[in-house]
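Once you've looked at the hints, dock chain B against the given chain A.
There are 2 protein chains.
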Amino acid sequence: MSGPLKGINVLSFGRVLAGPYTAMLLADLGADVIKIETGKDGDMARHNGPFINDLSSYFLSVNRGKKSFSLNIRHEKGVDILKRLIRGMDILIENFRPGVMKKMGLDYEDAKELNPRLIYVSVSGFGQSGPYSSKTAFDMVAQGMGGTVSITGEPGRPPVRVGYSIGDMGAALFAVTATLAALYERTGSGIGQHIDVAMMDSQVALCENACARYMATGQIPKPIGARHPLVTPFQVFPTKTDDMVVVAFTDEQWGKMCEAVGRKDLANDVRYHSMRARNENHAELESTLSEVFRTLPRDEWLSRFEEFDVIGGPVNNIEQVVNDPHVKARDMVLEVAHDRLGKLKVVGTPMKFSRTPCEITNASPDLGRHTEEILAEKLGMSQDEIGELREEGIINSRQPGSKGG
Amino acid sequence: MSGPLKGINVLSFGRVLAGPYTAMLLADLGADVIKIETGKDGDMARHNGPFINDLSSYFLSVNRGKKSFSLNIRHEKGVDILKRLIRGMDILIENFRPGVMKKMGLDYEDAKELNPRLIYVSVSGFGQSGPYSSKTAFDMVAQGMGGTVSITGEPGRPPVRVGYSIGDMGAALFAVTATLAALYERTGSGIGQHIDVAMMDSQVALCENACARYMATGQIPKPIGARHPLVTPFQVFPTKTDDMVVVAFTDEQWGKMCEAVGRKDLANDVRYHSMRARNENHAELESTLSEVFRTLPRDEWLSRFEEFDVIGGPVNNIEQVVNDPHVKARDMVLEVAHDRLGKLKVVGTPMKFSRTPCEITNASPDLGRHTEEILAEKLGMSQDEIGELREEGIINSRQPGSKGG
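As given, the protein sequences belong to chains A and B, one line each in that order.
Note that the first sequence covers residues 77 to 481 in our numbering.
Note that the second sequence covers residues 77 to 481 in our numbering.
Derived by calculation from the structure, the hints in this document are not laboratory data.
Some clues are possibly wrong.
Since the list gives no way to pick out one identical chain from another, each pair is judged satisfied if it fits inside one copy or across any two copies.
The list that follows gives simulated cross-link-like pairs (lysine-lysine, BS3-like), each with its CA atoms no further than 25 Å apart [claimed, not checked]:
id, residue 1, residue 2
1, K298, K404
2, K188, K82
3, K298, K316
4, K179, K332
Quick caveat: nothing in here was measured; it's all calculated off a predicted structure.
Pulled out of the complex, with its shape left as it was, chain A reads as follows (with noise of 0.2 Å):
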């Protein structure tokens, strides 16, 4: 594996989506990732449909290039196994509730004592303090409580959701940041730390900008449909064919934009000819500007703007995104390689180094795929002493091409 982070050892205790994405995104990068799965399952995440054959698409997702090791950690050798691996990682990944990695006796204040360069991520729903610490969130919780839903909707209509796990993919962006932050730290200082990110806290982050409006003016920020709340138009707009985007961030695009529709009669008019009388006089720039939309189609449209250097776009769903030759181009759906799938399509990585490119090559792993092979290479352990330990129930090994996972 090349990327930048070659070299770097990882051991993520992550399940379902907010630890193993932090996981995923440092073993793009170029980390050996071991990932621990306990319990006759493993990470629950696996249990989530769509399935390809019988293996979860969500799983196979977010925890490619991983290797997985399954062990129980009921039994006291498999959590002396876990201290032993402690002891040669850079990094360790857990998504517990707080308190849960103390129960096994491996919280932060445990594994520094094992390991003291270590660098620990705790990624919660609410954080290791704070009045609401012990609760748990998953990603729709984090997204409501941390002022998400509140701006995403249309005006006066239900709640919705962002469409992706931004609750839990958002604090996942935020926690390996801050790991690598410490990783660089380490490199002057020789110790690690404990890093501590909340998914409610990651949402609040996110909004920076409606919480800055309400703190300059006291009024609440409200959904607003597919519109920007500071500038317009900014938003999707209806055609005689599909909606496309468009886009005029200055008072000189908005010239561009009115002549490319044929209106420079806009441009001078004084409810829009400013950003301030744009937005104060949205709805009816919006109904003027849709009825000229809908004359044309979209198409039509977006070689107009390319003619006239207008900013906007498609909207496109995710068979047109799949297919899109410029997502091709860039390597954004890439082919990995799976014991028994064979090759399997993912996501690529938006993440494009000019020396050390992150080569995205293997697929997720089947549940203790890796077990073994962990054990010898990282500990030093016999075939013998690994068969003894699977004799007793304490890991759980595959190997490549046996049945069922």
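What follows is chain B alone, placed relative to chain A:
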């Protein structure tokens, strides 16, 4: 300034949001960030309302902790100053359309000659390569073309925008992750590289689960309101008073919820007894649960949920978020110092470090506030030299306490 990136020098050509948010994350982490502002008015985001006195709350929200360096890059001497600054930098950030930095003689190839250790970060709408690379994108274009709009909103209703600028901030989070990975890699290799992050790619990446579902089944994911596509219930429900979020990710959690609402019968109902069944019969279940939840006020449900260990929470508006005791306890609303406004509230950082905490103390700078300081400190210029540059109109500087900005 504290934080894990103490001592790291960043030059940011970022304007509006994607570039400035990348640079802000680095500043929050303790880096010394110089914000280059060109032209009489500087970053065009300084003109986005609402305003606090004459200061843009939009600009204030994403430029805290940076230093403003204002100069004329149309003049050869201006570009020369930039080249001298680049020699001492660790990271350069720009979010122009591809080609703009090259015109200034400051693209990656140029910058690498000046400073082979430089990590040069380009954040753009479509990236440095691919058929759309020369096009301009703003947030909404990326949300539309990257698939986000197609999966957000109510079924059969007009499209909506994610209420915050995830088109920009998503790219910024991937960019800062890549930057820090490259910074770590440089501690071994001693050399920098070019990082290319596109807003559209970043939305495709965040749509990973929708893409995985499409690639597994051939079915195109659609907007489904406030529901989760794979988990039921995992959504917003109305109550007798306010909306609330309710989540059951496992059958066990579902059982607890049925108990909490006094409807144990639902747990054993064949229509709802497994996740697959609940997903298939979500419409019926939604209407049954809505009826139940409408019988009591939200807060009564939430305390009952607490009692029965059911996962849920309120749907907070931005006023409630900013005043939430947990948000306050987590330092997610901070006060920073502004030269002219005095204390100013901003949203905090979700990146919490045990040993090298972020210290966010300074507000966004007035235009040119640090020009002279930077020339003296970073380039060792005398007051005479600086005065000359000012008279020639090469630089633009303002002192704390002076009027305008």
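Which numbered hints turn out to be false for this structure?
-> Per hint list: zero violations.
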